[in-house]
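Oh and the sequence shown: position 215 is 203 in the numbering used here, straight run, nothing missing.
Incorrect hints may have been included.
Each computed EDC-like pair below joins lysine to aspartate or glutamate, with the alpha-carbon atoms no more than 16 Å apart [claimed, not checked]: (1) K92 with E249; (2) K242 with E301; (3) K90 with D258; (4) K195 with E20.
For the record, the hints were derived by calculation from the structure and aren't laboratory data.
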Amino acid sequence: MNTLRALPIVFFLVVKLPAADPPTPLRSLSEEATQNNPDIRAARAAWQAAAQAPSQLSTRPDPQVTVQNLTVGSPRPFAGFSNSEFAYIGFGVSQDLPYPGKLKLKGEAAQQDAIISRTKLEGVRRGVVGQLKEAYFQIAYLQQTLEVLERNGKLLEEIERIAEARYRVGQGTQQDVLRAQLERTKLLLEIEHHHGAMNTQQSLLRKLLNRPPVSADITTQPLVETPVRYSSDELLAKARESNAAVSENREMVKRQSLAVEMARKDRYPDFNLQYMWQHTDEQFRDYYVLSFSARLPIYRRRKLNAEMAHSVEELNQARREYESEVQSAFFDVRNQYIAAETASQMLKIYREGLIPQALATYQAGLASYQTGRLDFESLFSAFLDVLNFDSEYWKTLMEHETALARIEQITGAQLN
């Protein structure tokens, strides 16, 4: 029989995470992203710019001042009144007067544009915070599974030690030892894969927080199952009321309704009022001229009717888009709610059934294997159950928290 010296020697490196900074709460990272993320800051600047428009558009046009000079027999301005008694100099002021209600409608439309910009800002903020939470939960999951892999690596080391001892006394086989060594090497590969995934998520966090690429990694708090405090119907109601995209489309319907009213107002004339003072030769009295003019909207068929039809169709489009966005939000809420509820049930099964049962099976199998009452494959299968169920538990918990984060993004409800 071959001796143990003929076996290939595989060194198992126990990879420990480097000493990290204290965990950073998710709330503080969300606040940091809200303040520093470039996309949020750009959307905030757009809203602040739009908020300045209503007062501009609802104010009357600036008055115009006119200076007139009429000379006779000389091209030189202000040649005086010596050449002709018809020469004069005049001063006047004029004011454009839009039809009553037009300026108010323009201001209200600009106010709606500002509200739409505000809802867009909220949508961008929720999107960024949602991405941040998902990355945070991914890192927490990876940190936890690295601990799981390290812990199960020690269990596997114990299996390998027992297999070697049985092989030395002729009770085991070389294949048992090699299988244990192979699995330890596979754990090393899995650990490296998790480190690579963690580096990717850390880079994403830096991007969302607008931190320098060389800044320190972020340590997350442990994953904890968050209970869902709302029913499905309550979340659907919040989605209709508070979803950013739904709110934006609802405000767009109001904006297009104002556009229809403005198109209707364009059928009415605008006015102009002018007052002039004219001075001629001293022997003549001054002239005072008051003028009133109106713009006549006579091109109804080619311009005004088309403008009205255009505004009405855009209003219909906005209404249909609003209905579509509501249905999309409802679908997303239901989908994520089902995912969270399913994950919650699975977590309970893992905690109360699969994980303790798998661990008890493994411990009993290890004792039986040492005494020769259980074969290696059965023991190894029990070990893989412990490893897989433990890893699947943390993955399911990550998916549960991610589903809640997406519900928060859709509805605006505070769950986590």
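To see whether the hints hold, each was checked on the structure:
1. K92 with E249: holds, 11 Å
2. K242 with E301: Holds: K242 and E301 sit about 14 Å apart, inside 16 Å.
3. K90 with D258: The given pair, whose Cα atoms are some 9 Å apart, holds under the 16 Å limit.
4. K195 with E20: holds, 12 Å
Hint violations for this structure: none, all hints satisfied.
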